[in-house]
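Participant: Spelled out, the chains give:
There are 2 protein chains.
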Amino acid sequence: MRVIGIDPGIERTGFAILEMQPQGKFKLLDFGRIFTDKKNPFPHRLRSIADDLKVILKQWKPDAAAIEEVFFSKNVRTAIKVSHARGVILEVLEECGVPTRELNPSHIKLSVAGDGRADKLQIRKMLQYLLAVDVKSDDTADAIACGICFLTTKT
Amino acid sequence: MRVIGIDPGIERTGFAILEMQPQGKFKLLDFGRIFTDKKNPFPHRLRSIADDLKVILKQWKPDAAAIEEVFFSKNVRTAIKVSHARGVILEVLEECGVPTRELNPSHIKLSVAGDGRADKLQIRKMLQYLLAVDVKSDDTADAIACGICFLTTKT
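Quick note, the sequences are listed as chains A and B, same order. Count the first sequence with the numbering used here and you get residues 7 to 161, in order. Count the second sequence with the numbering used here and you get residues 7 to 161, in order.
Calculated from the structure, these hints are not laboratory results. Source: prediction; values computed, not measured.
It does not matter which identical chain is used: a pair holds within one copy or between any two.
Calculated pairs, EDC-like style, for lysine to aspartate or glutamate (alpha carbon to alpha carbon, straight line, at most 16 Å):
| hint | residue 1 | residue 2 |
| --- | --- | --- |
| 1 | Lys87 | Glu75 |
| 2 | Lys64 | Glu101 |
| 3 | Lys60 | Glu101 |
The shape of chain A in the complex, shown without the other chains (with noise of 0.2 Å):
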């Protein structure tokens, strides 16, 4: 089973393409982000990470995505940008043939460091952890965290 986890954003979108491997380890086959340059119209950056996250489907062909709810409880400006990327990711996710499952940001915090609330530091430890990679960047570090609970969690 390989997934795609994916933190969506405007400016930075982050995505991590992970496998579950036979011993119950991860094997974490890629990961990065997707830029989209602030200069450029909005409808043009949409447009741009649709095209960056087709290329990265056609390459690692995942079999499930993984993507966080909408937390809109500190900046709904924010929000309001990040679910213009997010309607792109899921409407391209759907064109590819991958299905998708929504992960509540509390679940996968508990199912990557066993605590619900654990803050960003703690999740990179943990990764480093399982998978003896330093993560320098909080939305690759969330797409990674979102495969690794879609990898650990039963529907």
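With chain A held as given, fit chain B onto it using these hints.
Facilitator: Using the frame of chain A, we list chain B on its own:
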């Protein structure tokens, strides 16, 4: 100049195809709504909006698109959902080479009814006067108003 006015939504997306005639009159070529089925998963609904919009764009080949800015003072949850649909719509317009202008809600009301705080009934009455059409749905009326605002506003 042919414009498509769009009022985005997950359940219903209103659209209207308008042209400005040489005499300064508006011609309403088509209008309607894109519906999605509540029973379908969210990504499926987003994709059906994209697919249906592509059919409309292919049929009418508008030179430009006009879409309302997101209005989120009332219900954040609704605004988040609308933004997902809106993201997909902006991306499809970009993909189909249709330049998009985002319009302010009060600017739209001002240009159609001469009052930036006009209510839905006032807008409909003005549409009836301008286009001799009795529009029953708010989504469609908003889409038409958006198109008229575009055609009467210089950039």
